[in-house]
Structures are given as C-alpha cells and as structure tokens.
Amino acid sequence: MPELLTLPPRLPNAQNEEVGASKFCPGCGHGMILKTLASAIDELELKDKSVFGCDIGCSLLAWNYLDLDTVQTHHGRTTPVICGVVRARPEIVGIAYMGDGGGLAIGAGHLVNAAVRNEKMLVVLVNNTNYGMTGGQMAPTTMPGQITETTPYGRDIEKTGKPAKGAEMIASIVDTDKAYVTRATCSNLRSLKTSFKKALTNVAEGRGFSFVEVLSICPLNWRTNNVQTFERLKTMEECFKVGELVVPAGLEGVK
Amino acid sequence: MVKKLITEDTKLFMTGNEVIAYAAVAAGAEFMYGYPITPQNEIMHTWCKLLPKTEAGFLQTEDEISAGFTTLGGILVGKKAFTATAGPGNVIMQDAMSMAEMMRIPFVCAVMQRGGPSTATVIYAQQETTLTCFGGNGEGHRIVYSTAGHQDLYDYTIKAFNTAWKHRFPTFILADGYQGKMREPVVAYDPASRGIEMLPAVPTLRGEGKIGVDRKSVHIRNTFNLEEELMEVLDSYEADFNRIAPEIAEFKEYKAEDADVLIIAHGIVARSAMTAIDILRARGIKAGLFRPITVRPLAVPALRKACDRAKKILFTESANGQLARMVLKEIYGCTTPYDTLYKMGVGVTGDDLVNKVESMTETLVC
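Quick mapping for you: the protein sequence lines, in order, are chains S and A. Per this note's numbering, the first sequence starts with residue 1, numbered consecutively. Per this note's numbering, the second sequence starts with residue 1001, numbered consecutively.
These are calculated hints, taken from the structure and not from any lab test. Where a beta carbon is used, it is the ideal one built from N, C-alpha and C, also for glycine. Just so you know, not all the hints are guaranteed correct.
Said to hold, decoys possible - Now the in silico label distances, taken between C-beta atoms and shown as ranges: (1) G243(S) - L1051(A): 36 to 44 Å; (2) I1092(A) - T160(S): 43 to 51 Å; (3) Y153(S) - L1051(A): 51 to 59 Å; (4) V1202(A) - L220(S): 37 to 45 Å; (5) T150(S) - D1214(A): 29 to 37 Å; (6) Y153(S) - G1212(A): 28 to 36 Å; (7) A21(S) - Q1151(A): 36 to 44 Å.
Please take these sequences and the hints and turn them into a complete structure.
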C-alpha cells in the first residue's frame, strides 16, 4: 500500500479533528471554505481569541467543525449574536458565518445595521445562489434564469428582481476608512485565505467591520456534475465580480 | 464590573421604568441591549443616563429580534446582560427567547405589557401573560414574576437575575405601562444589605484557558438530528423545571384566610382587588385575594388550598382570562364555582370589583 494513503489528513489546527468526515453534501463548498478560514485563523494565531457563530441552514453543520468556541443560532440571527458577543467583550474576534439566505434575506436587516454601526466583527457570507438546507429554493442571489424549486421555469427578473449583490451593498454603507469588504470565490482558495486574513486582521486590530462574501458551489441542489458545477461557478464569477471593494489603510502587509 | 449606585437604603420617588434600571444596576447587570417601544423606553433612557456613573454597556439595536439575540451573545461570553420590551416587540423577541429556553441561557427581560393584539394601545394591558409564559415553539420553560408596584419592580428585578443565573431558565419581570409610567415611592437598597448574594456571570464561550491545552473548544447548538435526542434533552429540562418550581413559586394572599369570595388576580389588578376587598369587608362581605407572583410556575399547592377553601372564585384580568386558563388547569378537580371579570386591555378598578363581587354575593349563601 502506498505510504501516502496511511497518512492522516492534514487539518489546520483550528479545525476540529474529532469531527472526522465533512458533514456537508458531497461536493459542497462549505468544507473548503471552512478549512481555509481555519488556516487563516492558524496563521494569525486567533484560535484563543475567537468566537465562531453559525446560522440555521447548511452553515449550521459547521457547529462543531472548527476547534473554536462556537454557537449555532437561528436563521439570520448569527449577526446579532456575534455582535452581542463583541460588544460585551471587545477583545474577542467574532466571526458570523452564514449563507446568502441568512445574510441577504432573513437576516438582511441585521447585516445592514451591523455594517452601518461598524461592529467590530467578521461576517462570512457563503453565496451558492440558493437555499441548500431546505431543498434548493430561490435565494436573493439566484441568477437570472436559474432553475430552483421555487423558480422551476427559471428566475424571472421581471417578477423577482435581479440577484442581490451583497458585497456591493455592504461596500456602499460601511465606513470606508475602517471596514474591509471583499468578494472571493472557492475556485481560488489561496486568494480566499488572504481575504480571510485581511478581514480577521481588520477586526482583531479593532478597526472595524469586515465582510467576506464567498462564491460557493451546491452541486446537489444545482443537480450538476463536477464539470457543470465549476462551469456554473464561472458564470457566477461573471455575475458577481470577484475582488476587494473596500480596503482600509493598514492591511497592506497582510498576505 | 459595574459600579454601584445605591450603597445604603435610599427612598426614591420615580417611575417604574426608572426603578427597573436602578434595580438592574443594583443586581450587577453589566450590559443592556434594547430597542425602543412604548411603554418600556425609560428603562433604556435611565440606563443610558446612568452609564457614566455605572460604566456599564449599552447597545441600541435595529429591532427586538436583534435586541434579544445580542443579549444572548453578551450572556454567552459571560456578561450579566438584559433587555426589555413590550407588545409587538415581545412577539418578535420570542425567537431569541426560544433559543434561551432551548440552550438554557440566563436571559433576563422586563416585559412592560401594552394592549394587544398587534399595535393596539401603548400603555396598559395584561395580554402578554400567555406570550411571556409560553411564547415560542417550546414548552414554556420560563420563570415569570408578575409585579404589582414599584417595590416589587425593584425586588424582583434583582431576584430575576439570580433566578436566571442559578437555574438557567429565561426569566422575566412581567409588568405593564401603568407600572412603568407612574411614580411611586420605593426603597432602593444594595442587595448585600438584605443578605442577597448576587451570583456571578459565568462565560459559556471564551472562558478561561487555552483550547487544546487547558480545555476543549466549546460547541453549543440548538439543532438536533434525532427526535429522541431532542426529547431526552427536553425531558431533563422538564424534570429540572418541576424540581425547582416549589422553590421558585411565590404568591401573596390578602385577607384570603376566611374569604367567601376569593379574587384571583395578578399584577396591578391585584392592587385594585385589595382596594375592593377593604370596601367589601366594610360592607360585611368577606372577600379575599390570591395573587400569584410567579405566574409561571404557579404556586400550585397554595393555590389549590385557597380555591378549595373559598365559596366562590372570581378571576379578574385586563385580558380575556389568560391567567385563569393557567390556574384552571392547575386546580382541576376543584368544585368551587367561579365567575369572571375580564376587561381586555383596560384597567380593572376597585369599583368594578366591588360591584362584581356584590352581584356574586346576592346568590351566595354565607
């Protein structure tokens, strides 16, 4: 037997080794994104300073995924729970991890107000253009023409509007001297890690609100094979422009 | 650590909302998260005005959902935090209160009831009794103190924090806009001077120690995969709640010992009842009062005893029998006949009760 196969998987220190195999659906983006987040936390040595919060929806499966103190809450309510944490104890680096439904629909009011108040916390919004956990309904981010369970003939933008651009919305309301806002993608995990490191540093240094939208994949609900899945992700990257929108001074050295 | 404002007994003349803020400071509350809604606003106003002296924390959130969940966040990292709400705010805060119930988070909230349903009126009702006791998608594992005046507001706000942190069930001070807005004398005190030791707040998340060295990471959730897994948890909560209920349950009786007509009322309506009882007694009618202080859990043995002893029972509320429904369930089997005087969203006066009891006693063979 080749020796490589007997080696245990290399997990970031901030990932919970007791969990074992990912609980997400085969091909889901969450595992990659969380592992990348854990690596960023390792590199910045934030494991003993962080509180991680996750929503209802697919993100709740992250409730014990990381080796961080973690709270799982209700759909869209991760933002206020983590906001409450960092307000009570500003030395904590609070991370609110949610999907596009949690951040841009049911919890949109919380997200907007946390951004406006420049809460010193990180919001990670995983955008896979549909509600995964509940079986693939239309999300605010569903692309024009995209088929979901509640748009079985494709999203008609005349009836349901155009996809919500979370990062652009947040960029337009934050204090640009203090906030960090970016959109990354799970097709480029190296760049995603840099985004996480900048976002976490911005919070850890007490500067302000950080928002990382991550374009992700949902092959199960999309009903796509591996090739189609990444083709869909490319389409998403055309619809939702990847890149930094707001970068405050002081993060230049973070790579 | 919050600085104390009251170090020796001080007689104050102030509104109930102000009293709650002062009592929260006395209880060692460190943070208030809140959202404006009448008639509880002055709790926040007073809390904010006192901040330079107390060095406590405050956040005005975007809505009551957020006020509830930010409070939970603060409590989870070990701050003695609380909030206050009313009416439609109480409705939407049930989301957070349910989570507190499921995760045994020592959530403290003052509910200053206003008229309902929906927007209704802004000052007074007793229509949030069921909601506060049993709101949310759970079983009502909550502790609810119904106050009848300003000294109660001071005493039970302090008590609510200790009850919540000792037993880890969400705990409520259930009052109303009349109590919130009117002025009464109250004696403010340092709990220590009454032998009350305030329990410290303990962090659930980010407690002492390095993860992987001194302790494991803490993962708390309110999601369950299996039905049986959930039932096991809830069975243990139910057992805990029933075990502590006799210790927590409180009530007051007024001239109830020999009463032919027993008035059952909570909150400020109980005070109208006391006025009525004095008038009725002067007219030779033996009326008395049973006032549950904890409307959840009820003081069941005392309640049954009082009901069995009386010849007639009168339930009276500024609601359509929200307390009565809870009481009737607990006194199942009691054969004492009962009557009702319900005024939905309207105050019950002493005169209302005198007239009602007199009409009841016309048929009463004493």
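Which earlier hints can't be squared with this structure? Of the numbered hints given earlier, those the structure breaks are 2, 5, 6 and 7, listed in rising order.
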